[in-house]
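Just so you know, the sequences run in chain order U and F.
Mapping to this note's numbering: the first sequence position 89 is 89, numbers consecutive.
Mapping to this note's numbering: the second sequence position 4 is 4, numbers consecutive.
These are calculated hints, taken from the structure and not from any lab test.
Be aware that one or more of the hints could be misleading.
Stated by the list, open to error - To give a feel for the contact side, a few chain U residues facing chain F, derived at Cβ under 8 Å:
#: 1; residue: Ala17
#: 2; residue: Gly19
#: 3; residue: Arg27
#: 4; residue: Gly35
#: 5; residue: Leu39
Stated by the list, open to error - To give an idea of the chain U side of the interface with chain F (calculated C-beta under 8 Å), a few residues:
#: 6; residue: Ala5
#: 7; residue: Ala9
#: 8; residue: Leu16
#: 9; residue: Asn24
#: 10; residue: Asp25
#: 11; residue: Met34
#: 12; residue: Pro36
#: 13; residue: Glu37
#: 14; residue: Arg91
#: 15; residue: Asn92
#: 16; residue: Lys93
#: 17; residue: Gly94
Bear in mind the structure is a predicted one, so any value in this text is a computation, not a measurement.
Don't be surprised by glycine CBs; every beta carbon is placed ideally from N, CA and C.
If you want the building blocks of each chain, they are given just below.
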Amino acid sequence: MNAIAPNIAETDRLRLAPGVMLRNDRRRGQWMLMGPERLLVLDEMALAVVRACVGTEVADVAAGIDRLTVEYDAPRTEVAADVLEMLTDLRNKGYVVT
Amino acid sequence: MSCALPAFAASSAAEPAPPFAVLMELTHRCPLRCPYCSNPVALESASAELDTATWKRVLDEAADAGALQVHFSGGEPCVRKDLEELVAHATEIGLYSNLITSAVLLDQPLLERLQRAGLQHVQISLQDAEATGADRVGGFKGGHVKKLEVARAVVRQGMALTINAVLHRHNIDRVNDVIDLAMDLGAGRIEIANVQYYGWALANRAALMPSREQLLAMDAAVRARLPELAGRIVVDYVVPDYYARRPKSCMGGWARRFINITPRGRVLPCHAAETIPGMTFETVHDRSLSDIWRDGPAFARYRGTDWMPEPCQSCDHKEEDWGGCRCQALALAGSADAADPVCELSPAHAEVAVLRDRDAAALGTEWTYRGL
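Let the sequences and hints guide you as you build the complete structure.
So this is what it looks like as structure tokens:
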């Protein structure tokens with residue numbers, strides 16, 4: 001195995017990695033992905049992307065991008081580029097898996 | 001210890017940002033006898049360990065102090081009969097539970113009970129990629145095979161698995177095999193953990209220190225594989241201290257992220273802090289964790305940047321590495337108040353290379369197993 005893992009694509013189906021959960025910490029007033037010995041604080045955009053694109057109830061990443069395109073009233077190509085980059089980063093950090 | 005956590009908020013001397021996690025050393029008992037154990041050389045006895053009710057109170061206080069995660073550690077935490085009960089309590093009060101284990105006392109029924117109690121993540125240490133060397137280092141026959149069985153059970157049950165691979169002179173040449181093994185086991189993460197020389201490891205440094213050639217080969221092998229590993233397994237890798245040019249951000253900064261509690265309830269900023277002379281450590285019987293975290297003398301002593309000497313004080317990196325490691329400054333520069341000598345800007349840096357090269361050349365040195 002020497003190939004670099006491909007970036008997340010619209011046809012991928014994503015779920016949170018084992019041991020990862022979405023949490024709201026009321027004390028700090030922050031949403032975060034909590035995982036093994038680590039956490040990632042989510043800003044408003046990252047939270048929206050995780051909610052739209054990750055989970056067994058989401059058909060695929062494309063469906064999430066469609067939803068965000070409507071919610072944010074933005075050009076789909078731009079939304080897709082940002083979302084796929086963010087999801088690839090989350091995958092590489094171990095928070096989501098295909 | 002390194003970590004990649006965001007700082008939650010700017011902290012002031014009056015009111016530091018809350019801790020990220022509490023590390024509970026439930027016991028110092030362990031069936032393994034690794035010569036690089038991070039426990040202190042003076043191990044605490046079973047009879048001194050906190051009881052179940054006290055550990056539960058400490059968990060409550062950790063949550064009150066703002067901690068989000070608990071690391072059940074040791075020694076071997078599975079020797080405690082109340083582990084399941086403590087995990088359940090942590091879950092009930094909203095703490096995320098990690099188990100840091102040798103795995104040799106775990107089996108599928110216990111794993112299932114711990115998972116039902118809310119355990120999310122199991123970190124298993126490996127002593128080598130192959131059984132003969134691994135069991136020799138751990139001083140426990142059959143340990144390696146048992147660890148692999150348990151690791152597979154963790155993944156099968158859908159829990160997160162981290163492999164903690166401890167590297168030294170006797171196994172560093174097999175780093176690729178260790179990475180392959182972690183991937184084969186289905187680990188989500190691997191810590192490529194070159195031995196850090198505190199406690200037992202410091203006493204055994206001459207038996208463990210790899211050569212410069214070994215270090216360079218390992219480093220090149222790991223870096224060459226990082227691109228292909230991205231997206232497949234998370235790699236935590238830090239250049240070992242004695243070969244580094246800049247110090248690690250030990251514990252993510254003194255009293256910034258972690259509270260460590262020893263089996264009998266001493267509250268420490270890091271697991272090796274007791275080696276520092278002249279420090280006053282409170283216990284869980286003295287004050288609440290919130291109070292100790294906020295202004296306990298041991299926590300306040302090296303928190304932030306005010307305590308720093310030169311060259312740290314005027315350094316652009318002082319809020320990245322937080323001056324490195326206090327215990328290492330003590331061990332190598334003779335004072336915990338000094339800059340970490342691992343830093344090439346430290347006046348004591350050259351001596352690190354002298355010690356390192358001397359110990360790396362001491363081939364044939366036998367280690368002393370951890371024990372009472």
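We went through each hint and held it up to the structure:
no., hint, result
1, Ala17, "holds, 6 Å"
2, Gly19, "holds, 3 Å"
3, Arg27, "holds, 6 Å"
4, Gly35, "holds, 7 Å"
5, Leu39, "holds, 6 Å"
6, Ala5, "holds, 3 Å"
7, Ala9, "violated, 12 Å"
8, Leu16, "violated, 10 Å"
9, Asn24, "violated, 11 Å"
10, Asp25, "holds, 7 Å"
11, Met34, "holds, 5 Å"
12, Pro36, "holds, 4 Å"
13, Glu37, "holds, 5 Å"
14, Arg91, "holds, 5 Å"
15, Asn92, "holds, 5 Å"
16, Lys93, "holds, 7 Å"
17, Gly94, "holds, 4 Å"
Comparing the model with each numbered hint stated earlier shows that hints 7, 8, 9 do not hold.
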